[in-house]
Every structure is written in C-alpha cells, then in structure tokens.
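Q: Going line by line, the protein sequences match chains A and B.
If you're matching positions, the first sequence starts at 1262 in this note's numbering and goes up one per residue.
If you're matching positions, the second sequence starts at 45 in this note's numbering and goes up one per residue.
Calculated directly from the structure, the hints in this document are not laboratory data.
Watch out, some of these pointers could steer you wrong.
[Claimed, not checked] Straight-line alpha carbon distances no greater than 25 Å define the calculated SDA-like cross-link-like pairs of lysine to any residue that follow:
(1) LYS1534(A) to ARG67(B)
(2) LYS2026(A) to ASP135(B)
(3) LYS2026(A) to ASN64(B)
(4) LYS2025(A) to ASN64(B)
(5) LYS134(B) to SER1602(A)
(6) LYS1792(A) to LYS1534(A)
(7) LYS1640(A) to SER1602(A)
(8) LYS2025(A) to LYS2010(A)
(9) LYS1614(A) to PRO1559(A)
(10) LYS88(B) to TYR1948(A)
(11) LYS2025(A) to ARG67(B)
(12) LYS1713(A) to ALA1723(A)
(13) LYS1685(A) to LYS1713(A)
(14) LYS1669(A) to GLU1706(A)
(15) LYS1792(A) to LYS88(B)
(16) LYS2026(A) to LYS88(B)
(17) LYS1522(A) to PRO101(B)
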Amino acid sequence: MANLTFISSMKEHCMLAAAESGNSVLFTFLIYILGVFVIAWLSNKLLQNRNFLSEYFLGSRGLGVWAFALTLAATSSSGGSFMGFPAKIYTHGWVLALWIGSYMVVPICVMGLLGKRINQVARISGAITVPDILRDRFNSVWFGLVSVALIIFFMTFNLVAQFKAGSEILRTLLGPIDAFNSAVASLPEWFGNFSGLGADYMLCLVVFGIAVIVYTTYGGFHAVVWTDVMQGIVMVVGVIIMLPLAISQATDAIDSSDSSKTGMAAVTEEMAKMVPPRHVSVLVALPHEATEDTQIPPGTWVSFQGTAPHGANNRVFRTKQRHIIASGSQVAVVEAIEIISDSDKRRSFIAMKSQNENDTVGVVPSLEVRFVLNQATVKIPADYNGDLNAVKLQVRTLLPWTDENGTKRIARLYAVTSPVDDLKAGDALDAYVIDFVKTAGTTLETEQSVYKAQVDEFPQLAGIEITSLDDGYYAYGAADEEVGSYVMAPGPHRDSTSGFLPLSLAISFFFMWAISGTGQPSNMVRLMAFKDTVTLRRSIFTVALYYTMIYFPLVIIFCCARILLPGMEAEADRIMPQMAVTLTTNVGMGWLAGLLIAAPFAAVMSTVDSFLLMISSALVRDIYQRNMNPDATEKQIKKLSYIFTLVVGLGALVGAMNPPEFLQDIIVYTGSGLAAAFLAPVVFALYWPRSNHQGCIAAMTGGFGAHLSLYIIGFINGEGFTPYRPLELDPIIIGLFASFIIGFIVTLKTAPPSDKVVQKYFYKKLEG
Amino acid sequence: MASDLERDSYSSEPDPTFVNSRREAIVIFCTWFVALIWAVTYCKINGYDIEDPANIPTTLGMPSWVVWGIATPWLVADLFTTWFCFCFMKDDELGIAGDEEHLEHAAEVDG
C-alpha cells in the first residue's frame, strides 16, 4: 500500500481535538457493549421456569412503565432520529419543526389508539405475534400466513438496511480514533474484499452485527427491552446536555457587529441571511507534482488564494469526498460545495485559517483552486452525419445549451469524462464545463457569435450540444426572492422547485409519523406486552414527555449548528458526531463526547434488535409451530428460536456486506408499506364486530397493492425508487385510504362472522 | 352458528374494555385531527411565503410561526395527554392469557 500523505483539514483538526476524547469515546463504546451483554445474560436467566415462547418473544406480557415506555420510544427512534434528522435540520433549517410536528401526538396515537384493546385481544386469543392475533381473531389460517409473508417481506429488506445504517454510524463514530484505524490497517486484504464499501465498513459491520445478533439471540425479548431502556436514557441525556451548550456557543460565534440580538434570536436572525451553498466540482492543484499519493480528506477547506480567473477571489469551498492526487500528478477534480452567504463566508475563512495553521504537513496552505466546474451531459445527435473522428471535444470548446426557460446559452467545455475513442451518433457523454454563469443581453449575444465563429471554423461541431447542465444552485432557496429560506417554510431544497416541505408533504408527514407509526407491527408487538392499563396510562405520559425532550430540542440544537459549523452540507450525515465533539471540546469536556456520540448508535441498535426478533418470531411461531408442528415440544421451540434468530441475523449481516442501492428509500418504503397493509385490518379486527376475514384480507392486500403500485408507476416513469405522488400526497395516505375503503366494502359484501367469534372478542365473559 | 351453551357463557352487554377502548380511540383520533389542523393551518398562513424574512418576527428567539404553530400546540398536546392519561382513560381488566396461568399459579403458591 502506498504511503499516503494525509492533508489535514478543518475536519481533521476537529478530529485532532476529538482524538483527545477519542479514548473516552472508545471507552464509552466498550462499556456500552459490555452493558448490553450483561443485560442479555440476565434476560436469559429470566427465561428459566417460564413459558419459553411467551417470554422469549413477548416478555411474558409483564412490562412495567419504564420498560414499556422506553422500549417503544427507543424502537421508534431509529438511527434516522440521531443521524438523518439532524442532517435534515442543518440542511433545511427551521421548517423541520413542522416536518416533525406530529410527534406532539405520536405517543398518544401510537400507544393509545390500539394499545389497550390489542393487549386484551392478544390475551383472549393467547397470541404472541401480530399474525397470531389476526389468525385467531378470524379463525383463518390463510390470514395468518398472508400477514406472516408480508412481515417477512418488509422486515427482511428493512433489516439489511438497518444493519448497513448501524455499520455506517459506527464507522462515523470510530473513524477518528487511532486504535480503530490501526485495527483496520492490520486487517488482511481478503477481509475487506467481502464488501465493496471498504475494510473499515466491513469491520464495523461485523462488530455491530455480532453484538446485536448475540445479545438478541441469547436474551430474547427482555434483552431487547432492557437494552432499549439503557439506549433511551443515553439518547435523552445526550440531547439535554447539548441544548444549552449549542445555544450559548452559537451566540458567542456570531459577530456582535452583525446583530444587536442575543441567544436564539441572534441565531435566527443570522439564519435569515443565509443562502444555501452551491454544489460544484473544483480543480485543485498542488504547487508541484506530488511525489507520493496525496489524500484530500472530505471536509477540507480550499480557496483560490488570490488567483481567481473566474469571479472574485474571496470564494471558499469545502470538499465533499475523499480524493487522491496521484503520485506524479499535480491536480485533481474534487466535488465540493461553495459557500455563498457573506456571514457564512467569514466563518468559513476563519475555519480555513484554523485548518491551515494546524496543518502539520504544510501542504494545505499551498493547495489552491484553479477552476470551478459544473457537471454536464454532451449529446451527439442521433442523426449526426459528419465525421466523428474529426470531432475534438477539448478544453474551452464552446457548446450550446438551452436552459430551463428555453434561452439558448453557451458553455465552455473543460473535459469529457466518458470514453471518446469510439464516438457514435446518439452518444451521451459525461463532461465538466467551466463555471457556468447565466449571461444576458450583449454578453449572451457575444457568446453566441463566438460560438457561431467556432462552428464556421470547425463545422463538425455543429449539432453537438449540452443536453443537461447542473449549475449547482439549489432549485429552491438560492434565488434573490427566496432569501431567508432557512427560517421559513417550505425550506431550501437542492432538487425540488417546490422546496423541502410543500404543504401537501407537511400534511403527509402528519399521517406518516402518527398514523403510520400506529400501524407498525413492531409497535403492535410491544403493545401486547405491557402488564396492565395503569402501565399503559403512565407510559403514554412518559413517552410524551420523552419525545418533547428529544425532538424539539434537536431542531434548536442543529439550527445552532448552522452557525457553529459552516459548510457541513459537504458531509451532512456527520453533523451529529461533529457537533458533539465541537460542543464538548469548546468547554474543555472532551470526554463528554463519548456519551453524546453513543446516542445514534444506541438508537439504531434498539431498532435492529426488535426487527430481528420479529422476523424470527414469525418463522418460529407463525410458520413452524402453528402450521408445521403444532405439537412441538418446548425444547424444540427453544432450539429453533435460537437457531432462527441467529440465522436471520447472520443472513442480514451477509446481505449488508454489499447492500442494494436506494437503501434509505427502502427503509421509507417498508415503513409506510407495513402501515398501509396492517393498520386497517388490525383496527377492523379490534373495533368492528362485523368485520370478517374476507374484508380484512382485502384491506391488507388492497393497502399493500395500492402502496406498491405507486412505487411501480414511479419506477416506470423513470424516477427510480421515487414513488408517483398523486396530488403530491405520499403513498402512505393513498395506501391507507385504499386499505380502509376496500376492507369496509368487502366486509359488507360478505357474510358476517359467527356469533361465537363476536362474543368471544366483544362481549364480557361471565364468571363460572 | 354458536350453540346456546356457548352463547350463555358471555354476557349480553358489550365488554367494557372494548367499549372504553373504542371511546378513547375516537377521542385520540380527534386529537390527532385537531393537532393537524392547528399546526398545518397556522404554519401555512404564517410560515410559508414570508414577505420580509430578514426581519422575521421571533418569539423566544425562534421564528414566531414555529412557536405558535408547533411549540405551543406541542405543549398543549402534552397537557392534554396528561389529562387524558390521568383523568379520562379508564383502568380496565385485560384478562389472563393461557401462557400466564402458570405464573399466576406460581404467585399464588408463593403468596
């Protein structure tokens, strides 16, 4: 392996600061893992002398307030709450308060709408799983099997995605720690080759996967619940510590000449001036040819440093990904963001100065931007009849482009990155053009006349044009009339001209969190496990307070992050650990970062263990015991439960080594798909005596089908995993409506259930 | 059709746990709807298309539309949840599942 010169950057500088807390992060992590295994061991002890299935998969229906409240809260708060959500707040601003707003009623909806009744029905039927309830409530083997199939279908995809998320989070957390990097470097090459995402990802996946699989397999439901409790406490303590630190430090970071306001008012005022950054590529150059491979880490600040061939020289950029300037070369094209707001620029130059001063190698101060580039597609017409061998697509070749308003413009080519050895008519080539600026009036006329002269000289270029050009500006939030997008709705968005949260989406998210959350089988299982209604009442209250202490403060904290850490759009998913390190090192308490950084890891772990247990319970209880071997002994059930949990976990681990594309989209799809399929049948089963298995199976398949069809239409329309949204409404709303309506109609059109079934579930049983 | 014997083992009155659960579910669904209307309507009127964002009105340092459109209903929702949990929601009998019976028996023996 070639020796690499690591260029220090602001991020690396923070990493140096983090290195002081690195050992404490590692120490916290190890203590945490140890605690998880102790809990699993204690839970396994509980399995003795109890009905194995009920205890292993449902905790013997005996959860008290803290266990029930925190396991439900922690399971709902997946890795997204502590990685994705902060990144969204940082990227889109105050509008995230509206995006997450329905969490004000999520606890009462998720636990109160179904809780008491599903717990009672599960006890009447002796159900341990959600398919168990549906099968027994309607006396229908088929209903049980259909619901098991849907749970396994959705959960398997989701489990792979969550394994990947957990590993990515662990990689982010441990990345700055020397001991971790040394361990990665010492790994044999074959180990890293198992995954296309690198040896560090592979190591994190194995550590994360083995830990979750072992404690879940060994300890069962109680291990999952009590680790959730521990994880829930870690999350809320982390947020409570960060909130005052974030507000005070953000206020201090604002130049007093800019604002007479203090505290959050100053932060909000400063955010109102911000303009979203521009996404570009930059050609960076070393002063001399590199003598060895030289890495430019993500998050490195770069500027023109006085040489500005295009635009003013006070432009500042931050790199998005790791790049290497190869030995013998002097330049590299690097993806970056350009900071546009004046106040952001000032803080960014301060950060760059600090980065350069802390650079121990001495390379960074001499690294300079030569060109700003935009990505484009060059198209050779399908009916091109000239000599393609004579076409020279070289630097500064002028090419025409028609913008979104239909105006003919001219762009200057920097380089074509697709192979050009064997050009054919109809080819579309990836290319970079030199910093495209929209011109008008005489400037545009001059450009067009120069282009005409070029075509006169090189007629083979006629007809070759640019068909798409990304100028890098946000589709919403970058225009003059959209200034202030960080403090108002719909919030800035890189791709959508409607902004981040148009009204239709805001309504959709009220369904998404509160109603979709109610329809999650993983939540329903927990609702079957609480001890009594006193526990339920107190738990709803506890979770309401818990969510209030977590979600709204997170919005405030990561709005403050926009002031403290400019340019983090370059690597937004790192904002949570970066903020934790910054806040704690600024007050000389670096050791505290370990606790704060453990929160997102805890969140994803608590979600994964629950999903793992749900799939294995579906296999053991719903398929094996109820359909294949009803007379299975407890010993056989026990053995199979351990084996299935282990095998499902290992299968997900293997799947996550090379995870499929669109992973985040898969998580969204499975979450909303489960709700569309399960909510209506369960509501009918619990609250409507007239409901029957025909109506509920129709509701389940109808909701599943309607939801899936919107994704299929989106795919056919060429939008990949982005669903078709009629009236801009999310598929969850369409799926839920379809499910309830189809279920209602089919139920009324088919025979009512027997009196025996209705009496069993809806009438009070007489004593004796 | 159920036999007379089977039918006689149940009261003719609906199970109170079912009745109370249904009543509470209706109230909760209405609460969700009120929260949706309050938050989305207020934010639509005051949070979208602000004419002069540079001088955006603030309350407690946050944009006012966030405070009155999200934070305030959130606080009200918490107060409502407290009332709902401790004053409105009934304590009902959930029954004993078959898998719990041996635990009940063990508790009786221990006692």
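Q: Can you give the numbers of the hints that this structure goes against, from lowest to highest?
A: 1, 5, 6, 7, 8, 10, 15 and 16
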